[in-house]
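Asker: If you want the building blocks of each chain, they are given just below.
Protein chains: 2
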Amino acid sequence: MVTPKHHILICTSCRINGTQKGYCFQQDSVKVLQTFLEEIDERDLSGDILINNTGCFGICEKGPIVVVYPEGIWYGNVTVDDVERIMDEHIEGGNVVEDLLI
Amino acid sequence: MVTPKHHILICTSCRINGTQKGYCFQQDSVKVLQTFLEEIDERDLSGDILINNTGCFGICEKGPIVVVYPEGIWYGNVTVDDVERIMDEHIEGGNVVEDLLI
Chain A
1 MVTPKHHILI CTSCRINGTQ KGYCFQQDSV KVLQTFLEEI DERDLSGDIL
51 INNTGCFGIC EKGPIVVVYP EGIWYGNVTV DDVERIMDEH IEGGNVVEDL
101 LI
Chain B
1 MVTPKHHILI CTSCRINGTQ KGYCFQQDSV KVLQTFLEEI DERDLSGDIL
51 INNTGCFGIC EKGPIVVVYP EGIWYGNVTV DDVERIMDEH IEGGNVVEDL
101 LI
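These protein sequence lines are chains A and B, in that order. Sequential numbering of the first sequence, starting at 1, is according to UniProt numbering. Sequential numbering of the second sequence, starting at 1, is according to UniProt numbering.
Keep in mind the hints are simulated off the structure, nothing from the lab. Check each hint, because a few of them may be wrong.
No copy is singled out in the list; a pair is fine if it fits within one copy or between any two copies.
Unchecked claim - Cut-off 27 Å, straight-line C-alpha distance, at most; resulting in silico cross-link-like pairs (BS3-like, lysine-lysine):
hint: 1; residue 1: K5; residue 2: K31
hint: 2; residue 1: K5; residue 2: K62
hint: 3; residue 1: K31; residue 2: K21
Since this is a predicted model, take the numbers as computed values, not measurements.
Input sequences plus hints: build the corresponding full structure.
Answerer: And the structure:
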């Protein structure tokens, strides 16, 4: 298995006991993930991008958290409105979205 | 936020609707994750390693799946008994565990 061109991870506060509770979840991170999925589909980029929900990264006060590998870029306080910009500037444009970095 | 020395991701089949169902979960991936946590604690490596459960990577037939970034190493069919070896050989030894690669 080769790491995809971009592997996007989004905390949806899923716990290993199967419950989904926590700051990122409360801050609409599921909707952020769904918006990424829509953008990836609309741009026909599903071959280049893998996207996953995750459990807590331990930096809840900066959530919702979005991590992009293999670049190792950490974004915080990500809203639904930021997704288009991350897709335009980072994923398609190749530039980190500086003001979302944590 | 700087990517930790090792960021370990383990599919526990957590879905964005809050349920935890799927092949990796059925194959004891939660126990694999808990074993990693125990090993990390025993070896006093929590400062170097971040570990997260995730939703489905889409390669269920090879589960349980363990991914290690920033190296971008993908392991499959990982059992509780494999965890010590991944910790010894990869995390502490710096060598990929070849026979678990997918």
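Asker: Hint by hint, which ones does this structure get wrong, listed from lowest number up?
Answerer: Per hint list: zero violations.
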